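Protein chains in written order, with the working numbering: chain A, 14 to 257; chain B, 14 to 257.
None of these hints come from the bench; they were simulated from the model.
Accuracy of the hints is not assured; some may be wrong.
No copy is singled out in the list; a pair is fine if it fits within one copy or between any two copies.
[What the hints assert, rightly or not] Simulated pairs of lysine to aspartate or glutamate, EDC-like, Cα-Cα distance not exceeding 20 Å: (1) K110 to E54; (2) K225 to E252; (3) K110 to D254; (4) K110 to E99; (5) K204 to D254; (6) K110 to E252; (7) K110 to E16; (8) K145 to E127; (9) K145 to D182; (10) K204 to E243; (11) K110 to D182; (12) K145 to E252; (13) K110 to E243; (14) K145 to E243; (15) K110 to E84; (16) K225 to E196; (17) K225 to D46; (18) K225 to E127.
If you're wondering where the values come from, they're calculated on a predicted model, not measured in any experiment.
2 protein chains.
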Amino acid sequence: MTEPYELYYWPILPGRGEFVRLVLEEAAAPYVDVARLPEEEGGGFTPLLEFVQGGRPGQPAYAPPILVHGELVLAQSAAICAYLGERHGLAPAETGKRMQALQLQLTVADVTDEAHNTHHPINSSIYYEDQKDAGRRASRHFLDQRLGRFLTYFERVLERNGGQWLVGDAVTYPELSLFQLLEGLAHAFPKGFAQAAEETPLLLALRDRVAKRPRIAAYLASDRRLAFNEHGVFRYYPELDLSD
Amino acid sequence: MTEPYELYYWPILPGRGEFVRLVLEEAAAPYVDVARLPEEEGGGFTPLLEFVQGGRPGQPAYAPPILVHGELVLAQSAAICAYLGERHGLAPAETGKRMQALQLQLTVADVTDEAHNTHHPINSSIYYEDQKDAGRRASRHFLDQRLGRFLTYFERVLERNGGQWLVGDAVTYPELSLFQLLEGLAHAFPKGFAQAAEETPLLLALRDRVAKRPRIAAYLASDRRLAFNEHGVFRYYPELDLSD
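Use the sequences and the hints to build the structure in full.
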């Protein structure tokens, strides 16, 4: 199939769609970011809602991001990244290593969920303002007990594999997602992240290395890249970060 | 590699390890449930903690379940189920369908996480008793807004694919996990689940069909099967279920 990929994701926030975009960009794969097109060209929220409400053919998707490739309709960011990674040389070929790449992607997803949980502990469909007290408690716990452990985990994965790559001896899709996770954590918790990351130099070096890859650097400088904001997973609420 | 698989998971609760056990059992694959061995045979918590603290060779694991197969060390239940599913004819062979199976597995994992969040909304490492009020709010929201949507989603997946199988035309690993999810939800929310499942007959039929598969039925009747209890993901707290 040579037609371009279609990505469907909320047009106003990076969120979990960004994990997919980074793989598409590193692969230099042609894609249309459908919901970001003008409404008169089929963009906006409408095409997303059609999917989620079951009005499109193909396997139903519970939520965006959704990738359409020919007849294939695929949801869940980790599954999409694995699919694209395998097609574009951004996943290990050997079965065991291919699965270890998936394992790492799923751990990135777990940390992402916990970071989201700091501002939406009760449920993601209640406004932050209506769960702010629980949020403050959740984020204190996340920063005290979890963030350092997560970062140290990935640091150890790098260490065990020679320091440069997460798995195998080349860049893989979980590395691109880990870059985004680190960027998101630094945005959401500038003080908490800076403190925790003092212990994980290999991880910071990986983040910088990914940012300098030519295609990623070009993407980050383009208007295709969405800035973090107060929607989506990684939000900066000063009251949820470490206090001085 | 013909040596038996080794599974490492908390010995006292079904949790996410059960997704892995169901694939091993349906595949009739030889495995050792290491932590459930007597301590003098290497069982108990010690071998698990060794992994989590980085004291074992191979790719580090952030948390159990962990599968060891020869040289391969693999964590994350969805990655382990995918690995076993692909090896034992419990995953579609075609790439797109193989990825759709993973998508479904990840959605089962999302519902599992939300179910866990009803009793541990602030953080999984704080006691339930210390986050009970937030738990009550989270579970009310889960039952009102989320559970029905999740079940309807899987019902629609079945419908679109002819009613019997989730993907392709044979049993796959996400079906075994969906069985466990439905059992867990029925255990945790007897009233809430019964009400929501009135709308999803195909899903209930799938649950019963999986339970009657000869190897699964034999497993469920064996002492290898752990009952739900007040540890792990699916817990019955009457105050978190629908009231009369």
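Hint check:
1. K110 to E54: Neither, since 41 Å and 30 Å both go past 20 Å.
2. K225 to E252: Neither: 32 Å inside a copy, 52 Å across copies.
3. K110 to D254: neither (36 Å within a copy, 42 Å between copies)
4. K110 to E99: both (12 Å within a copy, 14 Å between copies)
5. K204 to D254: within (6 Å within a copy, 39 Å between copies)
6. K110 to E252: neither (41 Å within a copy, 44 Å between copies)
7. K110 to E16: Intra 29 Å, inter 19 Å, cutoff 20 Å: inter-copy only.
8. K145 to E127: both (16 Å within a copy, 19 Å between copies)
9. K145 to D182: Neither: 44 Å inside a chain and 47 Å across chains, both beyond 20 Å.
10. K204 to E243: within (18 Å within a copy, 37 Å between copies)
11. K110 to D182: So K110 and D182 pass the 20 Å test inside one copy only (11 Å; across, 28 Å).
12. K145 to E252: For K145 and E252, the Cα distance is within 20 Å only inside one copy (9 Å; across copies 23 Å).
13. K110 to E243: Classified as neither: same-chain Cα gap 36 Å, cross-chain 36 Å, threshold 20 Å.
14. K145 to E243: Only inside one copy: K145 and E243 sit 14 Å apart there, 28 Å across copies, limit 20 Å.
15. K110 to E84: Close across copies (11 Å), not inside one copy (28 Å); limit 20 Å.
16. K225 to E196: Close inside one copy (14 Å), not across copies (48 Å); limit 20 Å.
17. K225 to D46: neither (23 Å within a copy, 45 Å between copies)
18. K225 to E127: neither (28 Å within a copy, 37 Å between copies)
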